[in-house]
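Asker: Sequence:
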Amino acid sequence: MKITLFSIFCMLASVAACTQEKKDNSQLIPSKTKTINNVPFLTKQNDFIYVDKTSLKPVSNQKFRSASIFTSTGFAVVENEKNEYAVIDENGKTVLDFSAIPIGLNVVNGLTFYKKDIEYEKKMPAWKWDWNILGGGIKKEQTYHKIEIGVVETKQILLDKDIPYLEDSYYLNFVSVDESHVFWNEALYEIKQGRLHKTEQNIAELLENKRFIKASNATFSMYVLDQKKPIHSGLKGTETLLMRFGKETIMLNEVNKERYNPEVPKLLADNRNDEVYPFPQYEKAFPKEITKATASQIDFIKKTSLVYSITNSPYFLLGVFNYDHDIWAYDWLYIDTQGNVTDSIDTYNFKVLDQVGNLVWPDRKMILPNQFNNKNKNWKFGKINSYQGMNNLYLIRVEDEKQRRTMGLWNSHDKAWEIRPEYHAISVLDTEKQIYTLQKEENGLYTLYDNKNKKSIGSKSYTSINSDGQVSVKLNSGQTIYYYIDIASGKEYKEN
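Per this note's numbering, residue 5 is the first one in the sequence shown, and the count goes up by one each step.
Simulated from the structure, these hints should not be mistaken for lab results.
Where hints are given, some of them may not hold.
Straight-line C-alpha distance at most 16 Å; calculated EDC-like pairs for lysine to aspartate or glutamate [stated by the list, open to error]:
1) Lys127 with Glu152
2) Lys120 with Glu83
3) Lys48 with Glu499
In this text the structure is predicted, and so the values were computed from the model without any measurement.
Given the sequences, and given the hints that come with them, work out the whole structure.
Answerer: And the structure:
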């Protein structure tokens, strides 16, 4: 099977860096969430006030230059007339004081994490001055970031650091491991009474089922949460796979080779027993012997350059990358833990994505078989996207015989277009409610679409629409204004 791509971007380099679609664990953990009825409302004076979302009546007399939607835990970021930022609760009480530092929020496991980040120029000692020998002067300052990350509810500060602009950065990318543990910044934390306590560090990769990989020099160990003894230790990265087929030994070199060394190699080998554990979850060992295969399958395997473990299954994915003049393609085979090779397997909840989230496997012909595209034989297919919760729905890019590129939403179960590929861009706002934005032409406006009920939402179009309901509109004067809407109904929170 071959996947044809009209974009070189999604070829060998990016495919080699593919990853399994990660589960959104925060959706699986019960959170201390609230029903928030207050929303930011834009007045004619270009102030934001908070109103009841149903009646649109003000809930306080506070006015802000900008204001955000409340988190599920009841906090919002506001900006005053002095361009200072703060966090307030649903009663309007300030819980993080106003300052010139912008603030971001993220909710995981019922806790609200905040990040303050501001850029500034820092005076450097003489030995760190930037001397311009061509007469451009001496730069005595260097751009720095001051970053603070903590927990809103308990005021616990997890990080307070000044770092050079081009060096390390830190994000609110907390991941829920279970209801009492989160992973962040290469460390595992236990939550007790709203405070985080570090229990493990030097974690190179978080895996499914409460497993994680720790790195020490050039070796790796695999652990399970709450177990001090590793389930595997002394693992080393490799690009070589050895298999026996009858009396023949097959050696694969440069397997999963990448331009830059990843933090955790795509193959981890245990030299004590010659077991090799493939990416992405490293949960099972690759078979040492091929027990069932045809001659053509053996020829294919000898050319294999990509090996991934298909999680929650007994199979491994084998890929051979080919270039045939105008067509860049991957061909696929599968082998199970017992060494049986097969051309196809059943459907599993497993996706391989490239570095920017484009789908590589299952490939286009698995998702949209050629027999369902007989009317458009001249179509070429490009990047495919699928996000957590979309199930059998896929965003597919199409190029027609006139080289016009569009997007559509394909249902792989029903083998039908949910949204015909007649749009320049389609974006996902809510996977559960199946709410999308549609952009008919390049540089055109965006509209809301309810795919579940097959109808447009509201009658307005916008310069941009975000998943939290923030929209932008460009006025006749050239000014761009921002405000909020309810993406499910199109109701605008703006004074007419």
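Asker: Each hint needs a verdict: does it hold in this structure or not?
Answerer: Going through the hints against the structure:
no.	hint	verdict
1	Lys127 with Glu152	20 Å, violated
2	Lys120 with Glu83	13 Å, holds
3	Lys48 with Glu499	6 Å, holds
The structure fails hint 1 only (numbered hints given earlier).
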